[in-house]
Structures are given as C-alpha cells and as structure tokens.
Amino acid sequence: MIKVEGLTKRYARTVAVDDISFEIAKGQIVGFLGPNGAGKTTTMRVLTCFLPPSAGTAKVAGFDVLKNPIEVKRRIGYLPETPPVYPEMEVDEYLTFVGRLKGIGKGELPKRISEVCERCAIGDVRKRLVGKLSKGYRQRVGLAQAIMHNPDVLILDEPTAGLDPKQIIETRELIKGLAGSHTIILSTHILPEVEQTCEQVIIIAKGRLVATDSVSNLTNRLRGSETVAVEVEARDGVLDPVAVRQRLEKVPGVSRVLVKDAHDKRQGFEVESLKGCSVRPELARAVVEAGWNLNELRPMALSLEEIFLQLTSPEQEAAAGGAK
Amino acid sequence: MKNVWIICRKELKSYFVSPIAYGLMAFFAAISGYFFYIATAIFVTRGIESQMMGRGMPMDLNEWIVRPLLMNVSVIGLFLIPMITMRLFAEEKRSGTIELLATSPVRDMEIILGKWFAALVMYACILGISLLNLSLLFVYGKPDWKPILIGYLGLLLQGGCLLAIGTFISTTTRNQIIAGVATFAVCLLLWVFDWVTAYEMATWAKVMGYMSVVTHFETFAKGVLDSKDVIFYLSMIFFGLFLTSRSMESLRWRS
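Protein sequences appear in the order of chains A and B.
No gaps in the numbering here: position 234 of the first sequence is 233 in numbering that gives the first Met the number 0, and each next residue is one more.
No gaps in the numbering here: position 44 of the second sequence is 43 in numbering that gives the first Met the number 0, and each next residue is one more.
Please note: incorrect hints may appear among the correct ones.
[To be verified] List time: in silico DSS-like cross-link candidates among lysine-lysine, alpha-carbon distance up to 27 angstroms:
id : chain 1 : residue 1 : chain 2 : residue 2
1  : A       : Lys-2     : A       : Lys-58
2  : A       : Lys-264   : A       : Lys-249
3  : A       : Lys-58    : A       : Lys-105
4  : A       : Lys-134   : B       : Lys-205
5  : B       : Lys-205   : A       : Lys-131
6  : A       : Lys-126   : B       : Lys-227
7  : B       : Lys-12    : A       : Lys-110
8  : A       : Lys-134   : A       : Lys-110
9  : A       : Lys-175   : A       : Lys-134
10 : A       : Lys-126   : A       : Lys-110
11 : B       : Lys-205   : B       : Lys-221
12 : B       : Lys-227   : A       : Lys-110
13 : A       : Lys-105   : A       : Lys-126
14 : B       : Lys-145   : A       : Lys-126
15 : A       : Lys-175   : A       : Lys-165
16 : B       : Lys-1     : B       : Lys-145
17 : A       : Lys-131   : B       : Lys-92
18 : A       : Lys-175   : A       : Lys-110
19 : A       : Lys-175   : A       : Lys-58
20 : B       : Lys-1     : A       : Lys-66
21 : B       : Lys-141   : A       : Lys-126
22 : A       : Lys-205   : B       : Lys-141
23 : B       : Lys-221   : B       : Lys-141
24 : A       : Lys-105   : B       : Lys-141
25 : B       : Lys-1     : A       : Lys-105
26 : B       : Lys-145   : B       : Lys-227
27 : A       : Lys-134   : B       : Lys-141
28 : B       : Lys-12    : A       : Lys-66
[What the hints assert, rightly or not] What the simulated footprint calls covered on chain B by chain A, stretch by stretch (three residues with Cβ under 8 angstroms from a Cβ of chain A suffice, anywhere in the stretch; the number is not a length):
id : region
29 : 91 to 101
30 : 115 to 125
31 : 203 to 213
[Said to hold, decoys possible] Distance ranges between label pairs, derived from CB positions:
id : chain 1 : residue 1 : chain 2 : residue 2 : range
32 : A       : Gly-130   : B       : Val-191   : 47 to 57 angstroms
33 : B       : Trp-194   : A       : Glu-87    : 53 to 63 angstroms
34 : B       : Ser-49    : A       : Gly-130   : 17 to 27 angstroms
By construction, these hints were calculated from the structure, which means they are not laboratory data.
All C-beta atoms in this analysis are idealised placements derived from N, C-alpha and C, irrespective of residue type, glycine included.
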C-alpha cells in the first residue's frame, strides 16, 4: 500500500530524514516511533504530499507523491499534530466543508457526516463551534475529518498527544476499530501505545531508519541475551541466596545471575544467558538437585521501552546496526 | 472549478461570521458617505452660485459628483484591501489548517483562486454600500448610468489587482499583522508611484508612473473603458496570483 524508497528530506541546514526505506502492506496498523525531532512528522508530510522529498520516492497505492499528488491525496486521510480545524465553524459545517473538499457529492454528504460523527463519538457536539470544544473533542473532530472520505490510508501524527488518560484509551480504541478497512500509520513517542495498538513498528532516530519489524519479532530479535526469571524456595529452613547464586552460575551458558527481591523463604533471581543456548532445563535440574523448590521459571521478554532506548540512544546505534 | 467555489464559500463565511466584514463595511459607509456629502454640497452651492450669476448652465452630475467620489473610493480601497487579504493565508499557516487544504485533493491554484475570489466578493460587498449614496442621485436627478458602471468595473479591477498582491503577501508570513502592514505599504507605494511624473520626465519615471494603480483608474472614473488600462489590471492580477502560487510552492520546499 505504501512504499518508500531512499526517502531523504533536507531543509536549508539540516537533514530531517535521511535515506529511509520501508513498505507497508494493506490493512496494517503501523507505529511510527521515534524521539522528538526524529523526522516522524517530516516523513508523514512527505507521504501526504504536503512536502516534496529531496531525494528518493514515496508511493501510496502505486501513485508517486511527486507525479500524482492528487491521486495520492484522494486515498489519504491525514490528522496533523494539531487538528486542522477552523474555530469559527460549527462541527457540522466544518465536516461539510472537508467532505466537499475531499470530493464527496452533495447527496451522500449528510449520511456520511452522521456515520463519521457516530464513529468518532462527536454526535452530541455537531452544532457546537469547533473553537469552543475541549481538546479531546477537537482531536476527535480532527480524526473525523481524516476518515471523512473513507480513505485507504490513514496517517495520524501523534493522535493521543495532549489528551487525558480516558480520552487516550478511547482514541486508541477508535483507531483499532478503524483497522482492517484502512491502512494506518500512527506516529508517537509513547511506547505502550505502539505495543497496544500496532502490529508493525518503524523506529527512526535522527532521521535514520533504525528498525522495522512486527512488534513481537522486534522484541525477539533484539534480545542479544535471554533473561529468565527464577524463583527458588527452601524446602526447609532458610535459603542462602549466595549459595543459590553460585549454583546457578555453574550452569553452562549462564553469563550472569542477579539476586532480586526476597519473600521470607522464597527468593527471586534473574538469570542472563547467551542468546541461542536454552538454559532453562539445566537451571531447573540444578535447582531441584540442590534440594530447593523451583517456584517459577519464566523467560522474560524485553519491553518495547527497553528496545527503543537501546536502539535510539547513541552508544547503542552500532549494536543495533549489527542486530539488523 | 467546483473546488474554487468550495474554498470561496468557506472564506466568505469566515469573513461574515467575524466582525471584520461588518467593521470594514461600517468604516467604508461612514467615509464614503462623508465624501458623497461633500461632493453633493459643493455641487449644490456651485449650482446656486451660477444661477445667481445668471448663467443657467446645466451642471453634469457625473462630472461633479460621481467622478470625484469614485476617485476617493479608489483611494479608500487601498486602506481596505490589506484588512481583507491579511488573514487569507497567514491565518491558515498559523493555525495549521493549511495542512488540511494542502493535503486535500485540490490544486494549489484552486485554493488561491478560491481565496482571491472570496476577497474580491467581500470587496465588492463593501463597495456596494457606496451605491446606496449614488442611488440618491437617481432619485433626485438623471445621472448617466453607463459611466457609473464603468467606474465600478474599474474599482473592481483595481481592487482585484491589489487583492492579488495582498494574497501573495499573506502567503509569505504566518503573522496577520505583518501581512497587513506589508500589503498596506505596497498599496501605498503603488498609489504614490506616479507622483514622480510631476517633476521628472525620464523613462524610469514614466515606467513608475505606469505602475501606479491609481493612474489607470482615472480613465475608468471618467467613464471611459480603455483596453490599455483593463489589460494593465488583468496582467497585474495574473502576476499577483502567479506569485502566490510560486510562493505556496516554495513554502513546501522550504518549510
């Protein structure tokens, strides 16, 4: 649906986006992740034909953003960071204007507006001035604007920025509900949002593409070392954490053992091992053979948060490049 | 074409929901009414004077009232136009709604034409108020309506040309005030350009005199439709709108 190749955008002095390539299949929700100033908005603006690329190509549904901007714009719904609303208009009036602008015929417009208002839960403010609405409502009006012409592709620039927690959840649900019929790109710097809503992640930092993969793959791939949480309980008497630690460290493949929190007779550990060697059976045997109870043995997934920090902090860039 | 109309309607609405339209109309009504009153008063006193001196020469309403009034209105227009055009693009740039327009399936030129045309309609509505004054002349006398028509056509052409320039200036900034002040400065310059011809006969002075928008209006005020002046205004309108489209394009490359 969306194909970006070698996309570069230079401003007068800075390079905002540097040689980015990715592809997005139809019907996916993709999280566009990066710290502030990474080039998320710029990339989105290129995709929506708001800015022309300095080099490289971007295609939406097979149409080039430079050669066929009108066709691309017909297929794209865009919600910029600040919803592009006119405060002096009523919600209905605004959506009518947008609908007409996007080429919806006069006849089907009222029906479409009702549908969109219901979908975005703004039915109760249709006769209110946009300028008098709260931030959450305004955001939803912006979203309504973006889906007005039922576009194939939805591009949402930080759709939950500045909303209260309840509104954030509602907006996320709304976006999830739109998936399937639309291909959605959603930019954010809030990680849980990506974990909760997206299937695919594109991470960029300083204008460069750092990683692009599905959320689960990315988590797996970036585990240079695997971590296992182990909880050991003494069968009788008091457990000596040091003894357990020494025993666990002897298991082949284990690189490090961390002593975690203790609950009277139970004691948690985090065992790091090299990637690829499964140490869990050996760990279990070691614990049992030493005469302790094994309460828990659980592989720990890296949260997206950790991955993100790993990928985007400067000292980790080389490592991330290697992982790619 | 349909898109031009959609944009134009939206702009007109936002003129008329804000106090700008009514403020400008009120301002214009007061000042053009004042000029009309002065011109009529002069006409009446002159008429009485000449009758007392026994010269019952019929005086021409068009020459004594309509022409000075139109000349004054053309100058008042210079003050109104910056207020009409300053918000056109500057406001959209400031509030970010320009992103909506620029990412909708419409051409830049359609956006520009829509906005310019809305400004022109707004200007025409303001000018329309002065027709109320002139209609009094038709009630009490018999002025020739054709020169009046040509005069108003001239006002619209002159307005259209300055509005196009104002629209261009509005795309260059996100600050309405700056757009307004700059447009006002340019309008003023285009008005006083021909003053150099009063003392200087060199070619450059003639060129400057030619560039003055008010000089070209004089023939219209006289009720003469001269193709030379029509072409001047039309080419200025095209030039202004062309600059606007270039400016919008460069906006995308720079921003």
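Structure-based check of all given hints:
no., hint, result
1, A:Lys-2 / A:Lys-58, "holds (5 angstroms)"
2, A:Lys-264 / A:Lys-249, "holds (22 angstroms)"
3, A:Lys-58 / A:Lys-105, "violated (30 angstroms)"
4, A:Lys-134 / B:Lys-205, "violated (58 angstroms)"
5, B:Lys-205 / A:Lys-131, "violated (55 angstroms)"
6, A:Lys-126 / B:Lys-227, "violated (51 angstroms)"
7, B:Lys-12 / A:Lys-110, "holds (23 angstroms)"
8, A:Lys-134 / A:Lys-110, "holds (26 angstroms)"
9, A:Lys-175 / A:Lys-134, "holds (21 angstroms)"
10, A:Lys-126 / A:Lys-110, "holds (16 angstroms)"
11, B:Lys-205 / B:Lys-221, "holds (22 angstroms)"
12, B:Lys-227 / A:Lys-110, "violated (52 angstroms)"
13, A:Lys-105 / A:Lys-126, "holds (19 angstroms)"
14, B:Lys-145 / A:Lys-126, "violated (47 angstroms)"
15, A:Lys-175 / A:Lys-165, "holds (15 angstroms)"
16, B:Lys-1 / B:Lys-145, "violated (33 angstroms)"
17, A:Lys-131 / B:Lys-92, "holds (21 angstroms)"
18, A:Lys-175 / A:Lys-110, "holds (23 angstroms)"
19, A:Lys-175 / A:Lys-58, "holds (24 angstroms)"
20, B:Lys-1 / A:Lys-66, "holds (23 angstroms)"
21, B:Lys-141 / A:Lys-126, "violated (51 angstroms)"
22, A:Lys-205 / B:Lys-141, "violated (75 angstroms)"
23, B:Lys-221 / B:Lys-141, "holds (17 angstroms)"
24, A:Lys-105 / B:Lys-141, "violated (47 angstroms)"
25, B:Lys-1 / A:Lys-105, "holds (12 angstroms)"
26, B:Lys-145 / B:Lys-227, "holds (19 angstroms)"
27, A:Lys-134 / B:Lys-141, "violated (61 angstroms)"
28, B:Lys-12 / A:Lys-66, "violated (34 angstroms)"
29, 91 to 101, "holds (count 8)"
30, 115 to 125, "violated (count 0)"
31, 203 to 213, "violated (count 0)"
32, A:Gly-130 / B:Val-191: 47 to 57 angstroms, "violated (40 angstroms)"
33, B:Trp-194 / A:Glu-87: 53 to 63 angstroms, "violated (41 angstroms)"
34, B:Ser-49 / A:Gly-130: 17 to 27 angstroms, "violated (60 angstroms)"
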